[in-house]
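Undergrad: Our numbering numbers the first residue of the first sequence as 1 and each following residue consecutively.
None of these hints come from the bench; they were simulated from the model.
The calculated lysine-lysine pairs, modelled on DSS-like cross-linking and capped at a C-alpha distance of 25 Å, are: (1) K68 <-> K124; (2) K222 <-> K233; (3) K124 <-> K100; (4) K418 <-> K403; (5) K37 <-> K68; (6) K337 <-> K418; (7) K437 <-> K403; (8) K472 <-> K437; (9) K447 <-> K483; (10) K100 <-> K37; (11) K472 <-> K483; (12) K379 <-> K418; (13) K337 <-> K326; (14) K418 <-> K326; (15) K418 <-> K349; (16) K152 <-> K418; (17) K379 <-> K335; (18) K326 <-> K152; (19) K379 <-> K337; (20) K233 <-> K278; (21) K437 <-> K418; (22) K403 <-> K152; (23) K37 <-> K90; (24) K100 <-> K85; (25) K418 <-> K335; (26) K379 <-> K349; (27) K90 <-> K50.
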Amino acid sequence: MPNVCTDGYFTPNDPPRLGPARQNTKSDIMNIFRDVKTDLVRILETMVAKGILPDGLDLSRVTVESPKERAHGDMATNAAMVLCKQAGMKPRDLADILAKALPDSDLIASAEIAGPGFINMRLKESVWFDVLRGILRLNTAYGDSDMGTGTKVNVEYVSANPTGPLHIGHARGAVVGDALAGLLLKAGYDVCKEYWVNDAGSQIDSLGWAVYWRYLELLDPKAYAITDEDAIKAFTVEMGAPDRELEYRGEYLIPAAQAVLDTFGESLISRGADGAVKPVPVSQWLDPIRLVAVEKMLDLIKADLAVMGIVQDVFTSERDIIQSGKVDSVLSYLKEKDMVYRGILEPPKGQKLDDWEPREQTLFRSTQFGDDVDRPLQKSDGSWTYFASDIAYHREKYLRGFKRQINVWGADHGGYVKRMQAAVQAASQGEAALTIKLCQMVRLLDKGEPMKMSKRAGNFVTLRDLEAAVGKDVVRFYLLTRKPDAPLDFDLTAVKEQSRDNMVFYVQYAHARTHSVFRMADEQMPDLDVSDAALAAADLAALSGPAEEQLLRLMAEWPRIVESAAEAEEPHRIAYYLYDLASTFHGWWTQGREDTALRVIHPEEPDVTQARLALVMAVRIVIASGLSVFGVQPRNELN
RNA sequence: GUCCUCGUAGCUCAGUAGGAUAGAGCGUAGGAUUCCUAAUCCUAAGGCCACAGGUUCGAUUCCUGUCGGGGACACCA
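With these hints in hand, go ahead and build the complete structure from the sequences.
TA: Here it is in structure tokens:
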């Protein structure tokens, strides 16, 4: 995937990565749910061939899943209930026939009917051991799926205005977008991670003004102090923009101003007869300053993202989209389709606008695609609205081959969803589909008390502050412990607590514990072969207890979890699965406290020890596989 | 006023490509530590899945409406 915008500050990153040190080898995918379903379908087809069932069965609603109740067996299918109408049979009659045929499978030991027509199946014990060996063989590639069939998906996230460092408000979208991309990659999609750079709007003008002032300040700190309101006022008046305010005053602009000074020297000012620094007219400095300022801000943002372990593949410049004529071309495209017209909108309801006046505008017919009103494409000064360039950008993504697009936005952009989806439909002849993930606010707390932040006071918490306070992995995992569309409290103290109610710690502790068991085994049984090969070849008969079976069963579900989370585009499900697995593992491990026979390490019984260590290793692998989706490094020990 | 989103145990939250007796943590009440990490585990109590209709063999899940919390509503992004 080439980077499309590489002018100036758009230095391309490395090409999209294909995941952590692996190829998506479709042939080497393990998923026993799928295997059982394949067998089930095969048996159904045999029954069709024999004339027991009619041709042309719709099997789309047939599922194979693990029943909630352990007593119901290993897996259950609803096939009889879903197919009974098509087959013209009563559910239980069909279930009866099916249940008799199922043990024909290599995987299924027995099947029986329950409830309204469920078929509960017991799998052969060897199936679970095969799962364990498969995990050891595949390592963290276990859980990979081919459900995406290499379909191209574009995930756009962060996309913060390049006007300053990222702060906590950006953190959630950044992490959710990155994890979603990781999840889709694991599920077999061809994922492109993307950032849309709004470097063309009025905010960039504000940035330019602020940086110019900082530039003046560097040249003459006394005359142009950032704290000197009178001087600032005099400056804006002199520039012919008395309403202009310096919106951005953070110190992070000083390096940008220094870069301006390094690049342009004193060519953006004049000197009075006394040598005093004098600003020159806006037209002479705004363009060059904006360019340098955006470049520096984008560097800052990329560095912030890198601290969080986020590296996106493509950065697309709004300015570039506009200057290359892509907005004009998408507009003429839409005009051809009669999607654009000149018209006057009704005044918005529910809020008073003092300065509202009827005005003829260039409008996009988004109502034809379910939006509430048609949306303006041009500002009154003739320049494009943000919406117009965004349409051009999304069409650009479509033309690059992305028929599936995902945007991760803050919930405050919710009102923008329908028009953007409408635009993507219109600009792709209905071929591309855009889904939008809205992330709710994160409330930053400390010891249960909300932390007071204000941009004005300059004490807002940056992403870097957050990372420095608790660490990248904690931030990433914690922000994924709740579905994005629900608000989230982030407590700086609680998140570092080492107890069960902190998911991050609890899962990491389970992973660390798998390592400590191996360290202990090495101490107590230095001669035991614990190589991958030895574990894979171990006699697993010792793992037939209920607790072991529970662990194996849970780990067998991992590929299914990946697929359903990818299908739902909900990475947080991975977090809950890992918590569940950690809990089951801790419980199994603790059995050894009450009954020494159940301990992992038995110096007198190397076979049993080896089998149990194989199980521990599998748990370690599955946890690591899950954490890799989140971009979180598993811990080998704690403290 | 319109649109989006959420409503599940006392609290914080999972779950729902429609499935069998709705789960977890905290908190509450008990219990386990000569022991591979007690940084952990076990047991118990706790529910009209906001409410009302609809779709069907079956709805916490899908549809419609009501109520309640949050968010958004020209020429900012």
